[in-house]
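There are 2 protein chains.
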Amino acid sequence: MVSRQKEPYKGRLALPGGFVDEGETVEDAFRREVLEECALEVEPIDILGVYSDPRRDPRKHTLSVVFVGLILSGDEKAGDDAGGLEWIDLANLEKIRDQIAFDHAQILSDYVQWKASAGTYWSTRRRSS
Amino acid sequence: MVSRQKEPYKGRLALPGGFVDEGETVEDAFRREVLEECALEVEPIDILGVYSDPRRDPRKHTLSVVFVGLILSGDEKAGDDAGGLEWIDLANLEKIRDQIAFDHAQILSDYVQWKASAGTYWSTRRRSS
Numbered sequence: 001m002v003s004r005q006k007e008p009y010k011g012r013l014a015l016p017g018g019f020v021d022e023g024e025t026v027e028d029a030f031r032r033e034v035l036e037e038c039a040l041e042v043e044p045i046d047i048l049g050v051y052s053d054p055r056r057d058p059r060k061h062t063l064s065v066v067f068v069g070l071i072l073s074g075d076e077k078a079g080d081d082a083g084g085l086e087w088i089d090l091a092n093l094e095k096i097r098d099q100i101a102f103d104h105a106q107i108l109s110d111y112v113q114w115k116a117s118a119g120t121y122w123s124t125r126r127r128s129s
Numbered sequence: 001m002v003s004r005q006k007e008p009y010k011g012r013l014a015l016p017g018g019f020v021d022e023g024e025t026v027e028d029a030f031r032r033e034v035l036e037e038c039a040l041e042v043e044p045i046d047i048l049g050v051y052s053d054p055r056r057d058p059r060k061h062t063l064s065v066v067f068v069g070l071i072l073s074g075d076e077k078a079g080d081d082a083g084g085l086e087w088i089d090l091a092n093l094e095k096i097r098d099q100i101a102f103d104h105a106q107i108l109s110d111y112v113q114w115k116a117s118a119g120t121y122w123s124t125r126r127r128s129s
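These protein sequences, in sequence, are chains A and B. 1 is the number of the first residue of the first sequence in my numbering; add one for each residue after it. 1 is the number of the first residue of the second sequence in my numbering; add one for each residue after it.
Hints should not be assumed to be uniformly reliable.
Intra- or inter-copy, both count: the list cannot distinguish identical chains.
[Unchecked claim] Straight line, CA to CA, 20 Å or less: simulated EDC-like cross-link-like pairs of lysine to aspartate or glutamate:
| # | residue 1 | residue 2 |
| --- | --- | --- |
| 1 | Lys60 | Asp28 |
| 2 | Lys10 | Glu22 |
| 3 | Lys60 | Glu27 |
| 4 | Lys95 | Asp57 |
| 5 | Lys60 | Asp110 |
| 6 | Lys95 | Asp80 |
| 7 | Lys60 | Asp21 |
| 8 | Lys10 | Glu27 |
| 9 | Lys60 | Glu22 |
| 10 | Lys10 | Asp110 |
In case anyone wonders, no lab produced these hints; they're calculated from the structure.
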């Protein structure tokens, strides 16, 4: 995760990401942002979800398409805009929840369930809710 | 599907949909658009995909979050903006491909595969490509 250098949530941990450029696919934006912020080449393997609650960013209404990705190559190194990188242990998610920016703790909880169910989590959850 | 009343792709068939309002989740936009265009109450059960190729709409770069939904209630009836509604037989998809607007024939092909694999299609496809 990336330590945020500016408000909102300055100093908290956030998943790498950013805005899609005009003329760019969301998959390419995912590859570009992780390369810029973490110096890692990644490939999307699934869509974890699309997060669009209007309250999720205090600045304005944004939506995030969240990918699960595989690291293809690279040694992680924070980009110029990132304060630092940190691997987190998902077993400690509840303990560090308050240090996490935006709704990214929720996204990580969803990822834990995605991982446990080998990617079929979403359809199951939605059908039963 | 909805028969388009205006350009681009005037007269062709399109999946119901539209733009997300500020302050609205993508799930609520899905429910609202299908209600407005088809008079059907639907519930999203999965995300089929996020389609963001910059060439998919000749007007400007748009992205569509495509949901698979269940019809909860209602009798289908075209809304004021829609030219008419038509159920299509997916077995005939190749034959009517030229009558379909935007990249919606591709979306329907993806849905056929989603349905055959009970929703695990995407993660499988992405891992093997």
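May I ask which of the numbered hints given earlier this structure violates, with the numbers listed in increasing order?
-> Numbers 2, 4, 5, 6, 8 and 10, in rising order.
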